[in-house]
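K.L.:
From first to last, the protein sequence lines stand for chains V and R. When we follow numbering that gives the first Met the number 0, the leftmost residue of the first sequence carries the number 0, and every step to the right adds one. When we follow numbering that gives the first Met the number 0, the leftmost residue of the second sequence carries the number 0, and every step to the right adds one.
Worth flagging that the hints you see were computed from the coordinates, not collected in a lab. Beta carbons: idealized from backbone N, C-alpha and C, even for Gly. There's no promise every hint is true.
To be verified - What follows is a set of in silico ranges between Cβ atoms, one per label pair, in the way DEER data are often shown:
1) Gln38(R) <-> Pro37(V): 32 to 38 Å
2) Ala118(R) <-> Leu147(V): 30 to 36 Å
3) Pro43(V) <-> Ala31(R): 33 to 39 Å
4) Ser47(R) <-> Asp67(V): 39 to 45 Å
5) Glu48(R) <-> Thr106(V): 24 to 30 Å
6) Thr106(V) <-> Ala31(R): 53 to 59 Å
7) Glu120(V) <-> Glu111(R): 15 to 21 Å
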Amino acid sequence: MKPVNRVLIGAAVMAALSACSSTPERIETLETARAIVPQVESSPRAGVAAQNVSEARKALNTANRLVDSGGKLADIEFESSIATLNAQIANEKILTAQANEEIQKGTAERQAVLIQSREREAQRFATEAEARAAEAERRAQEAREATLRAQTLEQELADLKAKKTERGLVLTLGDVLFDTGKATLKPGAYPTIERLASALKEVPARKVLIEGHTDSVGADEYNQRLSEARAQSVQSALLERGVMSNQISSLGKGESTPIASNDDAGGRQQNRRVEMIFQEDPARVASDAD
Amino acid sequence: MNRFIVSIMGAGALAVLGGCGGVSEVTKERVARSETAVQQAQQAVGNSEAGAIELQRAKEQLDAARNELRKENPVYAERFASQAQLTAELALAKTQSAQARKAADELLASIETLRQEAARGSSAPQTTTTTTTP
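Work out the full structure, taking the sequences as your base and the hints as a guide.
P.N.:
This is the structure in structure tokens:
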């Protein structure tokens, strides 16, 4: 915009201009106003500067009327400058409103991006937590199964009427499971052996000692050999069924350790036996002190 | 003064104003208002680039208005005062729009930065301020 004061230099100029009633072909300030006023009027955000837009239009209309009625150049230029200034102010206000809208939208968008990235972060944490929980559950399940397996052996031993002694749980296999004078297991012993074998396989840490015993009838040496052979038979039967060899040891005690009188048949029958001594589960000793 | 009256003899209203034999309170008030507007613009614009040229022009127009007041030319005094007022308002509006634009650009840049960080995934979101020229 051309400064109006440059035109209004002095009264002499004014007088000269007013003396000449015809206006120049082209007034720069007016052309500027004519170009800029419609621009702000057509802006969709013109409402934010309604006052300036309407003042601009008013001044431009006045300037146009002055041109039509052969008004003075100074008046035309003044009105044009008022129109242009108002339009320029309106334009700045529109630009401000535009920027503020962007800020408003941007703030929401920024929030959304932040939330999104936090959610992604949270998702990652959740996935990790889930994996940790699954791993913990897997370990707990393993521990439960281990306990269950340990309990299986204890259960089998309890079912088979094992006795708790200071040497451990002692299961006595009576001589009815062997042919008289022989070390071979009768088929009737198999179910017991099967159950013990499968329970022992579950707990490879548990050790079992197999002891053969006889009554006092017969030579000591014979009884010793027979007791050893019977203990070995039981050991072999367990090994055949997959029990680890380092879990089992066997020995013969002959007639050295009777549990009843050898004077009557009933007592002697009790003395003819194979004992399986299960060491206490190291992990369970403390809690099973009863 | 006489010369002025002669030059606008045709316009009745202006003749009335000029014929008062002194500058009216209305005109003085008008100039005073534009002074206030220029002061406000001065404070808002400060050292910023946006609006500086308009502020300078408003000051010149205000000086011209005061000059016309001294010379007891009420019409020109009021015209310069009106122009000074509007030019000061324009200076203020330019400063404000430049500030808003800068804030918007910085915000958009920070969103872009956030997006890139989010895309990279691992690093925690940071607020970065970028400097933009108005």
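K.L.:
Next step is simple, just say for each hint if it's right about the structure.
P.N.:
Hint check:
1. Checking the proposed 32 to 38 Å range against Gln38(R) and Pro37(V) shows it holds: the Cβ atoms sit about 33 Å from each other.
2. At roughly 50 Å, the beta carbons of Ala118(R) and Leu147(V) sit outside the given window of 30 to 36 Å.
3. Look at Pro43(V) against Ala31(R): about 37 Å separates their beta carbons, and that is inside 33 to 39 Å.
4. Roughly 42 Å separates the CB atoms of Ser47(R) and Asp67(V), a value that falls within the hinted 39 to 45 Å.
5. Between Glu48(R) and Thr106(V) the Cβ separation comes to about 26 Å, which falls inside the hinted range of 24 to 30 Å.
6. A hinted range of 53 to 59 Å for the beta carbons of Thr106(V) and Ala31(R) is inconsistent with their spacing of about 41 Å.
7. Look at Glu120(V) against Glu111(R): about 19 Å separates their beta carbons, and that is inside 15 to 21 Å.
Against the hints set out earlier in the document, violations occur for numbers 2, 6.
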